[in-house]
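A.B. asks: Chain B: place on chain A using the hints.
Number of protein chains: 2
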Amino acid sequence: MARCAKKDAMTLRDEYLKKRRSDAVKTQMHYARQGRVTEEMIGVAKRESASPQFIRDEIAAGRLVIPANIFHAGLEPLGIGINVSCKINANIGNSALGSNIAEELEKVKVAVRYGADTIMDLSTGPLLNETRAAVIQASTVPVGTVPIYQALERVGGKPEALTPDLFWDVVEFQAKQGVDFMTVHAGVRLKHVELVKSRLTGIVSRGGAILARWCQEHGKENFLYTDYDRLLEICRKYDVTISLGDGMRPGCLADASDEAQFMELDTLGELTLQAWKQDVQVMVEGPGHVPMNQIPMNIERQIKVCHGAPFYVLGPLVTDIAPGYDHITSAIGAAIAAQAGAAMLCYVTPCEHLRIPNLEDVKQGVIAYKIAAHAADIARQRPGARDRDDRMARARFAFDWEKQFELSLDPENARKVHDEGLPKGTTHREEYCSMCGEGFCAMRLSKGLGLDPFKKCPAVSDNES
Amino acid sequence: MARCAKKDAMTLRDEYLKKRRSDAVKTQMHYARQGRVTEEMIGVAKRESASPQFIRDEIAAGRLVIPANIFHAGLEPLGIGINVSCKINANIGNSALGSNIAEELEKVKVAVRYGADTIMDLSTGPLLNETRAAVIQASTVPVGTVPIYQALERVGGKPEALTPDLFWDVVEFQAKQGVDFMTVHAGVRLKHVELVKSRLTGIVSRGGAILARWCQEHGKENFLYTDYDRLLEICRKYDVTISLGDGMRPGCLADASDEAQFMELDTLGELTLQAWKQDVQVMVEGPGHVPMNQIPMNIERQIKVCHGAPFYVLGPLVTDIAPGYDHITSAIGAAIAAQAGAAMLCYVTPCEHLRIPNLEDVKQGVIAYKIAAHAADIARQRPGARDRDDRMARARFAFDWEKQFELSLDPENARKVHDEGLPKGTTHREEYCSMCGEGFCAMRLSKGLGLDPFKKCPAVSDNES
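First to last, the protein sequences are chains A and B. Counted the way our numbering counts, the first sequence spans residues 19 to 483. Counted the way our numbering counts, the second sequence spans residues 19 to 483.
Isolated chain A, as found in the complex (with noise of 0.2 Å):
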């Protein structure tokens, strides 16, 4: 019943897109701009418990996208925008050196399971093509890619290889494929490659890096700056949403918030306004490594240059000392950037700096931004964020196990977890946890005080899901 279910809902999408792509222009930016909710629209509001008209009104002014490619049928649409709850992104995506099509979609189906709002295949391996339709296929939530990759990798991996004819035919190939939303430096500049020479890690993006090298090569300006019309022309067509990639983001926490990086930043806040003139909806990607002190700083500072535009940053790490450990690292300035006000977190792994991530990677990652996200919704005081939490801690007073597990962001591992704490032989759970044992128990002894947890809220039954 359920599966039938699911293919009605994807014909019936299937049937809407269809539709859809008669239109002359097909952004979510454009029909909101005409006053017009979508369909997408009203599957969002859904979800962020807000109005239609408020998730339209909001797309129309720049400050909330809806990634979702006319060709990606099994996609279920999802907001990103300051004034929706946060989102996290898992980036999987083979390499040389390893992975394949399977491994991947096994990826894909962690991220999400454990809560994944998009995902993007950075895949730099064999099999480009076939593993991103395989990835677009498996995934109900919005796929991005970074076409450059893919470009480098049709001349050879030379930088100053690559041409603008070459690069504009991987955008549209992917486009066609159903890509939601795609990772483009139109913001590196020629003007911007000597300004990172005093820097301690130089370029840590790699499209960044690919891109600087061809201005240098050939001593002119970055022809995705320059073509950037083309990239808006294509974007009109599918619907793709532009997430303009910060190639100039600092590598390691001397070189954060330096000019090299703002001056891109400023150079990102105009591709936004001219993107937007043509419809097309944009997010920003922002650091890297940033001193917790100046994240705030670096998230006010671009909601202004880029008037508003979903903030979609990396982490960021607050230290560099933790190679192994970076989901923790990372997570922290994440949970700090999310409550300033980014939009989307992407996530870091336990393994960046050392290898790609692998299966458990992928999970570590996403339960640590997941974490990150969700206490951001908490500090903003979005409404509703903070029910689960509420939920459990009456499951806690009221020792109620199974619905600790099951209200937990890992119910197996929380399950786990605890019963290893149980005394040899026994499976019973009893009133109190395995940290304390029974005459120790606060909670055990603070109910001898006449507390009753139920009292309270009495708005939130336990019930809710």
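The set of hints was computed from the structure by calculation and includes no laboratory data. Among these hints, one or two may not hold up.
One copy or two, it doesn't matter: identical chains are merged, so the pair holds either way.
What the hints assert, rightly or not - PhoX-like cross-link-like pairs, simulated, lysine-lysine; straight-line CA separation at most 20 Å:
#1 Lys209 - Lys465
#2 Lys215 - Lys238
#3 Lys37 - Lys255
#4 Lys194 - Lys36
#5 Lys465 - Lys215
#6 Lys36 - Lys255
#7 Lys176 - Lys465
#8 Lys255 - Lys194
C.D. replies: What follows is chain B alone, placed relative to chain A:
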């Protein structure tokens, strides 16, 4: 040789402590207020790259403590306060349900190895005195306890059976053993008990719950509050630092920053002044579970209400929905707390709320908190705080993998994770990481731009330790 040198240092310290034992008052605060610079202050000054006079003045003002019992001979003293680097504490200890002395000593070793600045022995199981003696002997860092646990054991786990005399006996016994700091819940007052009745999770501090039960059963004020001068007398004799426990700390986000919490804080402020009158060193403990947006306010309020006494916070957790990952939920809160001025962070392990930590949990907790404390030191722009990060950045740009591993918080793990990504049969580490592979390495590409990472910051040599 190293062993002999250590023995000599210990003998010297033993002789120094023997001399001090004949002083009428033995506290660092007493000496500081007399203008005297002790050996401990000199040691702390060296560690913090500060002058001994500065350390002395901070102690005299109550803003810094050196928990150093005159009977803890193997201690390498350190300072805890807002104007020195942020410290982290690791809790160890058995419960009725598990662990033994050898295991606890292993936890001490692992905790100190990965950077714990202090250890609290929270044992509630068998062999309490023997475990504590072994932990103090094995530990080069200050050791803390919560004496009410042992007191409760002695009365068969019945809070109402506790008597003041029995409690003070336990405190003096532990002080004689060399415990450097003790958590006492002297701020839990009879009048506070009523206030927790509207909470979701009541009282979650074990000491707090025990004393609230005692107050309620006897209809009397907490004897730790009424007899507080007896505590000060013992602390003056052994230089035990008081850690004023927050028995009313919130156990979930919904209960954070409520009346019960802040009324207790007011009492802790009074008790701080009362201790200082007797030259007794004081830290103040804090929550627990707090939404991100309330954390800086909590720290600022404590600093004001407690007259600058060092704030020692537990986490706080910024969401309640991630049991199994609470080292991460709380490291986010801890980093923000430390940036706002918390002096010491009590770690939380991945198994918080589920069972007592094993060796691996201790390691994971310590590393997460080392990250939080270090990130906050950088954010507070403490002199030299970022040096190690900058060396890591240079090592990354130079593809010096050995140096990167060496500079990591967990070198073995960084090396292991990196090497897992090497192509099968390879052991050679190339000029790219196993994340991107050769052609896509941004730093390798950006080297072609003529960048030289060693030009910047000539004052920081790459060989600094």
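A.B. asks: For each hint, tell me whether it holds in the structure or not.
C.D. replies: Evaluation of the provided hints:
no.	hint	in the structure
1	Lys209 - Lys465	between (67 Å within a copy, 17 Å between copies)
2	Lys215 - Lys238	within (18 Å within a copy, 71 Å between copies)
3	Lys37 - Lys255	within (14 Å within a copy, 85 Å between copies)
4	Lys194 - Lys36	within (14 Å within a copy, 82 Å between copies)
5	Lys465 - Lys215	between (64 Å within a copy, 10 Å between copies)
6	Lys36 - Lys255	within (13 Å within a copy, 84 Å between copies)
7	Lys176 - Lys465	between (69 Å within a copy, 15 Å between copies)
8	Lys255 - Lys194	within (9 Å within a copy, 79 Å between copies)
The structure is consistent with each of the numbered hints, conforming to all of them.
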